[in-house]
Amino acid sequence: MTATPVAAAAPGPGRTGGTPSAGRARGRLEPWIYLAPALLVLAGLMGYPLYQLVNVSFFDYRQPQVTGAEPLEFTGLDNYARLLGDPEFWTVLGNTAVFAGGCVLATLLVGVLLAVLATRLHPWVRTALFLAALGAWATPAVTGSAVWLFLFDPTLGLVNQVLSGLGLSGFEGHSWTYGKWSAFGLVGAEVVWCSFPLVMVTVYAGILAIPQEVLEAARLDGASAPRLVWHVMLPILRPVITTVTILSIIWDVKIFTQIYVMTGGGGIAGQNLVLNVYGYQQAFAANQYGLGSAIGVVMTLLLLGTTLVYLRALRRTGEEL
Amino acid sequence: MTAACRSAPARARGWLLNGTGLLAALVVAFPLYWMVLSALKPRAALEAGDALPYTTEPSLDAFVRVLSVEGFGRYFVNSLVVALAVVGLSTLCAFLAAVALTRFRFRLRTTLLVTVLVAQMVPVEALTIPLFFLLRNLGGAVPALGLNHLGSLILVHTAFSIPFAIWMLRGFVGAVPQELEEAAAIDGAGSFRFVARILFPLVAPGVVACGIFSFISTWNDFLFAQTFIISASENQTLPIAVLGFFRPDENDWGGIMAGSVLMTVPVLIFFIAVQRHLVAGLAGAVKG
Numbered sequence: 001m002t003a004t005p006v007a008a009a010a011p012g013p014g015r016t017g018g019t020p021s022a023g024r025a026r027g028r029l030e031p032w033i034y035l036a037p038a039l040l041v042l043a044g045l046m047g048y049p050l051y052q053l054v055n056v057s058f059f060d061y062r063q064p065q066v067t068g069a070e071p072l073e074f075t076g077l078d079n080y081a082r083l084l085g086d087p088e089f090w091t092v093l094g095n096t097a098v099f100a101g102g103c104v105l106a107t108l109l110v111g112v113l114l115a116v117l118a119t120r121l122h123p124w125v126r127t128a129l130f131l132a133a134l135g136a137w138a139t140p141a142v143t144g145s146a147v148w149l150f151l152f153d154p155t156l157g158l159v160n161q162v163l164s165g166l167g168l169s170g171f172e173g174h175s176w177t178y179g180k181w182s183a184f185g186l187v188g189a190e191v192v193w194c195s196f197p198l199v200m201v202t203v204y205a206g207i208l209a210i211p212q213e214v215l216e217a218a219r220l221d222g223a224s225a226p227r228l229v230w231h232v233m234l235p236i237l238r239p240v241i242t243t244v245t246i247l248s249i250i251w252d253v254k255i256f257t258q259i260y261v262m263t264g265g266g267g268i269a270g271q272n273l274v275l276n277v278y279g280y281q282q283a284f285a286a287n288q289y290g291l292g293s294a295i296g297v298v299m300t301l302l303l304l305g306t307t308l309v310y311l312r313a314l315r316r317t318g319e320e321l
Numbered sequence: 001m002t003a004a005c006r007s008a009p010a011r012a013r014g015w016l017l018n019g020t021g022l023l024a025a026l027v028v029a030f031p032l033y034w035m036v037l038s039a040l041k042p043r044a045a046l047e048a049g050d051a052l053p054y055t056t057e058p059s060l061d062a063f064v065r066v067l068s069v070e071g072f073g074r075y076f077v078n079s080l081v082v083a084l085a086v087v088g089l090s091t092l093c094a095f096l097a098a099v100a101l102t103r104f105r106f107r108l109r110t111t112l113l114v115t116v117l118v119a120q121m122v123p124v125e126a127l128t129i130p131l132f133f134l135l136r137n138l139g140g141a142v143p144a145l146g147l148n149h150l151g152s153l154i155l156v157h158t159a160f161s162i163p164f165a166i167w168m169l170r171g172f173v174g175a176v177p178q179e180l181e182e183a184a185a186i187d188g189a190g191s192f193r194f195v196a197r198i199l200f201p202l203v204a205p206g207v208v209a210c211g212i213f214s215f216i217s218t219w220n221d222f223l224f225a226q227t228f229i230i231s232a233s234e235n236q237t238l239p240i241a242v243l244g245f246f247r248p249d250e251n252d253w254g255g256i257m258a259g260s261v262l263m264t265v266p267v268l269i270f271f272i273a274v275q276r277h278l279v280a281g282l283a284g285a286v287k288g
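Sequences listed follow chains A and B, in order. Going by UniProt numbering, 268 is the number at position 268 of the first sequence; the sequence numbering is gapless. Going by UniProt numbering, 227 is the number at position 227 of the second sequence; the sequence numbering is gapless.
If you are wondering where the hints come from, they were derived from the structure by calculation, not from laboratory data. Given the structure is predicted, the values throughout are model-derived calculations rather than measurements. Note that the Cβ used here is the ideal one computed from N, Cα and C, for glycine as well. Where hints are given, some of them may not hold.
Here are the simulated lysine to any residue pairs, SDA-like style, with alpha carbons at most 20 Å apart [stated by the list, open to error]: (1) A/Lys180 to A/Leu303; (2) A/Lys254 to B/Leu223; (3) A/Lys254 to B/Arg109; (4) A/Lys254 to B/Val27; (5) A/Lys254 to A/Leu303; (6) A/Lys180 to A/Leu208; (7) A/Lys180 to A/Thr300; (8) A/Lys254 to A/Pro154; (9) A/Lys254 to B/Thr111; (10) A/Lys254 to B/Ile216; (11) A/Lys254 to A/Trp181; (12) A/Lys254 to B/Val208.
Between beta-carbon pairs, the in silico distance windows are [as the list claims (entries may be wrong)]: (13) A/Trp251 to B/Gly49: 30 to 40 Å; (14) A/Ile33 to B/Ile186: 21 to 31 Å; (15) A/Tyr178 to B/Gln275: 37 to 47 Å; (16) A/Gly264 to B/Ala8: 46 to 56 Å; (17) A/Gly265 to B/Glu250: 17 to 27 Å; (18) A/Arg219 to B/Glu47: 50 to 60 Å; (19) B/Phe133 to A/Pro235: 23 to 33 Å; (20) B/Ile186 to A/Pro235: 32 to 42 Å; (21) B/Ile186 to A/Trp251: 15 to 25 Å.
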């Protein structure tokens, strides 16, 4: 990795030689002067908090300790032991896995299907689809959650009125956020709505980049449309799909705003808690800052693991840093 | 394949495909349409559960109510101040860092690049707890940067915008030919002069795109606004204002939707402005 010239780092065609001449005498300090502002900010507001997160997770840190009424006590791995011994933690972990997994699968499915569809649409229809997707993509999580909540409101929501209007009984005043999985489903629908556009646009760009000759050759050999998609296009698109899959995993595991807003901070009796909201509530609602930090550490490790898998996947596809 | 030589079944399939595409576009766009429509419906109709997909008497009452009674304008300005400050600070830091990482070779360069990549994956939400205490202590020394002040949001968002911005700007800065720098050096321009006078204008489009991404992520933030601005309601930002319309029993849906429209429109405009860079930027950010 270190041996590659800098020129290889920047993507995009049409570049003419960006390789710095190796023997050129440059001040050794110079790059560090340019780096200083960014490094200072990152060290202070990301590095130090990250260190503190781990640090606090080893202490019994609650309201009395915050105000200084009781001394800080180092408790080692106690917070983690408490966490692992708490059935609620495992429920929350399971919720997170099922919810994030469902969101990732649905996002990929919708995104890829619509991308394939988009390549075969009339330009006007395609523009309409992309504009709509752009709108969903741009919508802030808070306002998106608000609109979806309104659409699914028990009494005033459009969905229940249409369903009752169609003659389906039981939807009058039906609460979509009352049942655990119904609530997760509703939040998941909002998440898919605002995150499938990234997948669609990226995969669409990937499909356009496939050389026409390859597809022509496969067609001449008599490949049917499904076979063309499955055996020719998908293998070529694998790097793109890997990238969006891992990005989706990272984003969906971290979902906070939608759950917090749509289920009112974690649902009835905390039935809709995911790891992120759980940690937040433990810290800021129950003042268990040490325990909250331990949850944060667990979450960071999980995501770090995913990121490493991601980096390895990229390395395998021949990307260079 | 032109339309003329298509067989009848192929044409029928074309209609079916385009019909499906159009339907998908409508479904995807519908929540946004419903948001705008509900903001324009008269309050009485909305509270009676009017499910008509149009309104014959659009009214701006909800917007007036939101802007005057609830002091939404103030929150709007707060959000704008925070977002613009973050854009300025984070793009400046990121641009300089991108210059160092693409135009110099030095020890630790690769390590720093990997760090930048990993920094993008750090679960920001988990850092809320230590950041809360850090900002509380900072507020003791510099009140304007502490809890309950906009400065706290600016600081935190600047930090979290920088890794993505560096990653994205790297491509733009690296694309400027080295010969240009050598020519500038022959003409007697020092390194700083070259960066400020020649490099910066050349990568301006990238800087703008990058700035817009920082703007959007800051503008949309809910978590930090909720955590760090606890008691100073005059320093709240838009997301909290929108949530303020949720009442335990009687949600003011007209107000919520009008507030949502006001919050969504700026982002939508910016998004359309940078849509060309979206894929390129993400590809750069994601794949390096």
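Contradicted hints - numbers only: The structure breaks hints 1, 3, 4, 6, 7, 8, 9, 12, 19, 20 and 21; every other hint is satisfied.
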